[in-house]
Each structure stands twice: as structure tokens, then as C-alpha cells.
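**Q** Take a look at the letters that make up each chain.
Number of protein chains: 2
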Amino acid sequence: METARILIGGTWRASQSDKTFQAENPATGETLPSVFPLSTWPDCDAALTAASQAANTLRTLNGEQLGAFLEAYARNIESAADAIIQAAAEETALPVVPRLRDVELPRTTDQLRQASAAAREGSWRRVTLDLKRNIRSCFAPIGPVIVFGPNNFPFAFNGVSGGDFAAAIAAGNPVIAKAHPLHPNTSRLLAEEARKAAEATGMPAGTVQMIYHLNNEDGLRLVSDPRVGAIGFTGSRAAGMQLKRAAEDAGKPIYLEMSSINPVILLPGALAERGDELARELADSCLAGSGQFCTSPNLIVTLEGAPTERMIQAVAKIFNDRPMQPLLSASGREHLHQGVIALQQAGAELVCGGNAVEGSGYRHANTLLRTTGAQVIASPTDLQRETFGNSTLIVVAKDAEELEDVVHLMEGSLTGSIYSASSGGADDAIYSRIEPLLREKTGRLLNDKMPTGVAVSPAMNHGGPYPATSHPGFTSVGIPYAMTRFAVLHCYDGVRQERLPDILKDAISNQHTWRSIDGAWIQG
Amino acid sequence: METARILIGGTWRASQSDKTFQAENPATGETLPSVFPLSTWPDCDAALTAASQAANTLRTLNGEQLGAFLEAYARNIESAADAIIQAAAEETALPVVPRLRDVELPRTTDQLRQASAAAREGSWRRVTLDLKRNIRSCFAPIGPVIVFGPNNFPFAFNGVSGGDFAAAIAAGNPVIAKAHPLHPNTSRLLAEEARKAAEATGMPAGTVQMIYHLNNEDGLRLVSDPRVGAIGFTGSRAAGMQLKRAAEDAGKPIYLEMSSINPVILLPGALAERGDELARELADSCLAGSGQFCTSPNLIVTLEGAPTERMIQAVAKIFNDRPMQPLLSASGREHLHQGVIALQQAGAELVCGGNAVEGSGYRHANTLLRTTGAQVIASPTDLQRETFGNSTLIVVAKDAEELEDVVHLMEGSLTGSIYSASSGGADDAIYSRIEPLLREKTGRLLNDKMPTGVAVSPAMNHGGPYPATSHPGFTSVGIPYAMTRFAVLHCYDGVRQERLPDILKDAISNQHTWRSIDGAWIQG
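Quick note, the sequences are listed as chains S and V, same order.
Per our numbering, the very first residue in the first sequence carries number 278; after that it's consecutive.
Per our numbering, the very first residue in the second sequence carries number 278; after that it's consecutive.
Simulated from the structure, these hints should not be mistaken for laboratory data.
Everything hinted at is true.
For chains that are exact copies, the list does not tell them apart, and a pair is met inside one copy or across any two.
Straight-line C-alpha distance at most 25 Å; calculated BS3-like pairs for lysine-lysine: (1) Lys409 / Lys726; (2) Lys726 / Lys782; (3) Lys409 / Lys782.
These numbers come from a predicted model, not from an experiment.
With the hints as extra help, turn the sequences into a complete structure.
**A** Here you go:
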């Protein structure tokens, strides 16, 4: 079979590497037929050269033109949805319905359309005019953006179609996507729709480029190349930390979403009031996507007592009854299994599950573990472990003080949830003690809600304190703010009116853009 | 003489280190009488502990309370101005009038008052409400901020009174100031006014802390301590790069302003039209503060021809005629002198000056060098050298292509200026070729203006591409945007109304705050 081509400078061309790889169907463990290149430096170099050229043109385009491309791409994805979904189902074993067709694909086109709308509207550029002094500033494109997509969302976080991609393009930058090697064919089909949309809307040739796979060394070289503007990464902490150092040593902004245990605190009033309901919500959230979500709850914290014991038993029953979904890969299953073993070695007890499941496909038993608050306080690092799969750990603290101590020891997470009694104020006192502690550990604080839904809302924060991400001031989901990660601040001081970018002139043609003029926000 | 005390946890206390240092009067070279401690780790540790405690309280204060402190501090500085100015004059040899009294001190109190106003007004927090989904987000304090002040602005960039200080406090964070050891007494007097203002306005004890000096190793340990929220640094590239790596390896946001050559391009039409005027402006800008400004023009680019030669001679005459001001230190003079020698070794020719001046005080001859475009293209790194003193290098390119090549090779700078013919469009063609190149190299692009005035305007960008700073998306001057460097993004998802911070509730008491509500900016 011919090796697939990579997308460089607007055309599909043969990789300059002769190394190849193939994906698998994780539901069966079978190797899929298509052969893909494992790129080496010459492919990266070609992509960087084309991206630099594209960046020079993209900088001159207005938001309307960038928005037209993103909108056309969203439409193309919808037209080609059947083929794309089929490829993703084969490569990820994620359910076609509802996950791929009804949830992730519409989420992806919605993100592209929100980014399109934000590019057209223009307010994201945070135009600030000081008319008296004739000093003007706005965000402008940062240059070629490298996007490393993760394994778990073949569309919505794919390097060539996901949130980082949409944000980078909408901010006026070319993207070099490093597809995830677990779903190369899905990425190929998406990239082809992007290529066609870019061509149809007159984007420069290197606007969207894609390679499938890269060894470690070339990845580090790629993120530190002088031609790079910024990097977006979603993936493991181990890979992320290496890229972080390489990029930062080269002075390149890198935005990483690396790992998160997403604590969920179930207060006693809530458990007494609606324990069975909480058990269902919790089990649903933990098993969503087989637990392979960046917001999957890996650490559940409760106070000891009968309602907690009942809830644990109820969750265990659901875990035992619920069919196991395939995990994304053999290595993912191994990582999960090693994590479950490590948690037990650190003092956690198995409530149910615990083992990989033999047979075709990469399955692991739905696994529930429990431990005490004292044990977490004794081994805080070992017991805060993201297993990235269908397992979770319930911590039973002996009292509010111990619960506070557990929260105090938590690492930074994307999310932190607190469930409390809906009426009567039974949990108010303990809530007000732990909320300030949890608030500082998380990007998004939830009440009475599991963390696994990440709405694409301007108010969303899919970010959080290190090591969940690399910068606590930014989000990777939420248009338009996510776009500012891929922007530089450009100031014009005393520059003649006719030489200013349109968006900074006294009179602006786009009547939708909000601008801060002498201290007030004014539209149009 | 008793060793000065450091400001820790709201009180002046003895350093736990027995190492000391003294400052000098750079106009005479005499050692000044006061003895200051060179702190070691125990001082840092005490400051971090107090700052962590203060951060917990500061987070609960509203903008009105933070603003009241900043306003009180500004007033206190004005009341104590005579003593502060006298101390600064002794330690820096900067002219009392106009520099210290009429320019830098009012600039400093203006910054504090702008930060106060921004904290009170609240719009900087970028509140975003998605009412339908009940998802709400805003910026919140990042935690203890370490501010390293530079040697060249004893008030306006001082760690305990300057722009980073004002921005960090206004964003709700405690500051640990690392004063610059060239002006410890000035810093002590400022810190005392800050302490009194903090006490009078009910700030927690560790809100403002200050140490005078620190060895390298403890500085690196300080910026990577888990209790730190973020770091602001203004200083040399060598020190900045070390701190950058230490902070980033620990996952701490660090904002550095490190070095900049601030290119000024004088186009032929402008030189033909008003060469003498440009020579005066250029000389004034280069010699302002003896060239010890981060925005001092270190690289002047022209096209060859008679107007350029006349301009060079005119600048040389001013340089020869203008009295030499003292530099800030012996090491600064040595750095400048070594820089002038290195530029000559890289092919630059001396037009005037070139040597340190014997006698009392640290003076160096006003120094003008010249070279060709070809030489810069041959040695781009060696000829882009920030001398940080009263010297500059004029590059004479043989034609527009060579000038473009020079711009193409420039490192990132804070500023880039282009002077062009004021009428007739003589320079329009070359302007449109070089502007896009220069734009990508600079944070602030100027027309017909020297870079050495940095207005404290919301539209200012005192930032730029690496290695001028560590992140091209932020500015260290310009309220309120500079404050966002010291903020984290906090999202509340499904959180009950009564548990939300006031600024995120449906109804807001502060009628001045602009908030983005379901996509529109609404005030109050």
C-alpha cells in the first residue's frame, strides 16, 4: 500500500522520511490497512518555510476573510461527516452515536463557527486607542502556530480541526498540525477538507499543514525553531514538560494542557439528601469516554459516614454493571493498569474492577478504589495520579479538618467540583472553609455539577494552575479569549493615520467591533 | 553604623544575614555611609511566608480597598518627595531637575494613581458572563509577586514603587520587592511610605515587603518557590535569562524586560527635508539618561548619501559639545566601554568619543560609531549590542535592499521608529517595504518620533518580541492591561449566585465596571 502523503504548502506530498506506522482498531486490536509516514526534520523544515510565507500574507487579511475560511471548513466537515466519522470510529472505537456524530462533530463545527464569528466581529483584538496622544494598540497574529493534538478527541481537539486550530487561525496565524498517531486517517480526511476550504476562500498555500507523527527529538527541534510563533499542546505531562522546556528556552510561548485529576468533593448534606443521584452522576462522569477525558474526575473526596458508604456501594454497582468500552490504545490500557496498581501500592484499596480484560480490543474493568484522608496526606503525590481511563479513587476523610488538609495538598487541576445540600444550608459552613482552598487549585469551580462537560462558551475556562496547564491566565476553550494565546501586542505611536491597520483608524468600517477609546468601550 | 533593616511582614526587622553592602555616589565615586544587608535565604523564606498569608486576605478585598492603598501611597510619596529625591540624586547622580522631581516622581505617582483607578473601576478583570448556561469568569489575583527593579529608574520602575509593583498590587497581589542595590536608600524611603500607606488603609501585613540585595543562587530559589504567584523583572539579559529558566522550570509565569536596541530608521526623504532637526532629536534621545534607558536608540539605520553624512556630522558635533552625565555605576561604565570596543572589533568605526573619562564619577565620552549595512549583515549579532550608555551606532546601507536585509536580521526590540518625509510621499515606497519587517521585530512602532518617551497610557506597549521580553503578548507599562500579567483566570460553572464573587453576580454594585454579558460589553 502506498504511504499516505503529508499536507505541506497547500499540497499533499510524499514525506521525505521512509519511516512509517499504522494505526489500530482499538475495539479489535487489528492493524488498520493505511500506511502513514513518521516524519523527520526535512518535513518539519518544509512546513516551517511554507508557514512563514503564509504568515506574511495572513497578517494582511482581515477578520472577514479568515472567518470565511473557518466557516467554509465547518461546512466541508459537515458534508464529509459520514466518512470522517467512520474513520474515527475505526481508529478510536468511540461510539458513532451519540459521541462522534451527535456530540463531538457538532462541537467541532460549532468551535470553528464561533472562531469564524469572533474573527469577523473583531473585538478579540482588544483595540485600545489613546486619541489625544495618538497611541494605539491591538492584538495581532503571532506567526506560525504548531498544534499538537491529543489522542482522546479525534475532532474537537485534533491539531487540524480542534479548538487550538480554530483559535490560531481566527487570530490570523497559519497552523502546522501534528496529528495524533492513533487517528491518522481521521486527521487526513479533516485536513483535506481544510485544504479545500482554504483553497476555495483564497487562503495562502501554507495556512493549514499537517504531519502525522514525529519522533521526540524532531518535536523538540520543531517547537524551538526561530520561525515558530507559538505552540498549543494537549497531551501527557511527560511529553508536555519536555516540549515546554524546549520552547521556553527558545523564547517561544507554549500553551500546554497536560494533566488534571479534577477533584469532586461530595459534602455530607448532599450525600444524605441525594446520594443515589450523586452516585449515578459520578459514575456517568467517570466512565464518559472510558474516563479518557482531561476533565474526568480522578479524585472524589467525602466525609466518612453511612451516606458515603452507601454512595460507594452504589457507584461500585454501576461500575460492575456498565459494559466496558474499549480504551484508545494498548499503551493507554497499560498506563491505566499501572496506575491502578500504583494507587494500591500507595495505600488505596480496590472496591471493584482492577484488571485489564482479556480478549479482542483494549478493555479494562471499570475500577473503583478507595482510601482515607490520612493516607492521601501521607502520600499526596502518589495518590494524585491521573490514570486516564475508567477508574477513580474515592477519599474518605474522617472530618472537615482532614478534608481541608487533603484539598490543601492538591495539585493544580482544570476543574474542582463541590456538591452541597440543595436546601437548609447543611453544608454551608464546610463549603465556605474549603471553597477558598479549592478555588486556588482549579481553573473552573463547579457547584453540583460534574466536570466532564466543557461548554464552548466565552465564559469557559479550560485551563488552570500548573501543572494542569503551563499558564493559569489562559484557556484553551472559550472563544474569543482562547485566541489571545496566539497573539502579540502591537502598538503604534505617532503613526500616520493612513499607515495604520484598518482596525486602529479613527473611523472603522466594521460596525460590530468593540474598541476601548479613551477609556470607554465603544462599538463600531 | 547600624545595618538597615528589611521590610518583612509589615515591620522593619534585622536581616538574618550578616553580609552587607553600601551604595556609591556615581557623580563622585564616593561610598555612601548607610550600610544595607545582602539577604540570604532565611529573609526570602520569611517574606514568602508573610506574602502567602497576605495573599489570602488580599484576595477577599475589593478594588476600592486596593485602590485606596495605592492612592494613599501616591500621596505619601508626594509628601516625602524632598527626602526621596535627595536620596535618589545621591545614589544615581540623575539630575534633580527636571529628571527626578519633574519627570520621574510625578510619573511614579501617576502610575500608582492609574493603577488605583483601574482597581476601583474593575473592568480590567475582564468579566465574562454566559447567563443562559450560568458560566462566569474573570481575572483574579495570582498570588505573591516578586518584582526585581532595574538600576536606571529609582522611582518609576523600582520594585517597591514602579509599574510592576503598581500593577501587581492593583490586581490584588502582595509584592516582594527586590530593590536594586545601586539605590537602596531611595528604596528604603519609598518602602517606608508604602508601609505607612498600607497600615493606614488596612492592608494585611505582608502586602509590601522589601529586601535590598540577594545573591544569584537565592534569587533563582526565590523565583521558583511554590509560594510564588508570578515574577516581574526589569534588568540585564544575562540575569533575566537565568531567572527565566528557573521560574519556568517551576511553572511560574515570569515577565521579563531584558534588553533592546530600539532601531531608528531615518529614510532619505526625511533626512533631505529636515536633517538637522533629526540630528538634534536623535542626539537628545541617545543621551537622555546618559543612554541608560531601555528604549534608548542603539542602532540607527540610514541610506548612504550626502544628507546622511551631514546628519552624522551634526550628531557628532552635538555629542562632542554636550557635557557627559555620570553613568549609574563603575560596572555600567565598564559594560559600556567594553561594548564600544566590541562594536569596533565587529567592524564599526568610531566617529567621536570612545573612551571612559578619568576623574571623579563614572563618566564616558558621548560616543558615536558608524558601520555599513554589509557589515551588519556579516556580523548581525555582534553589531546588535545594547551598550546601555551614551553611545549609538549608525548603519549606512548602500540601498533599500540592503536596508531591508538589515531590518530582516534584527532581534526583537521594545521599539522601532521610522522617520519619513513629511510631505510629497518621497519615502512612501521604501516605508511600505520595511514597515512589515520592522513591525514583526518590535512591540511599539513609531513614526517621526524617538522611542525614549514611554507614556503611561492604556494604549502603550512597553513590551516586544523575545529577547526584548519573555512574552510578546504583554506590556509592563500601560494600565490596566499590564495588570493581567499578575492574574489567573477563574471560572465559575453552575455556582450558586450567593457564592459568587460580587463582580460576577447578576447585579453589580460598582456601576463603572464594564462586563461582557452574553457577548456585549455592558457597564454597571
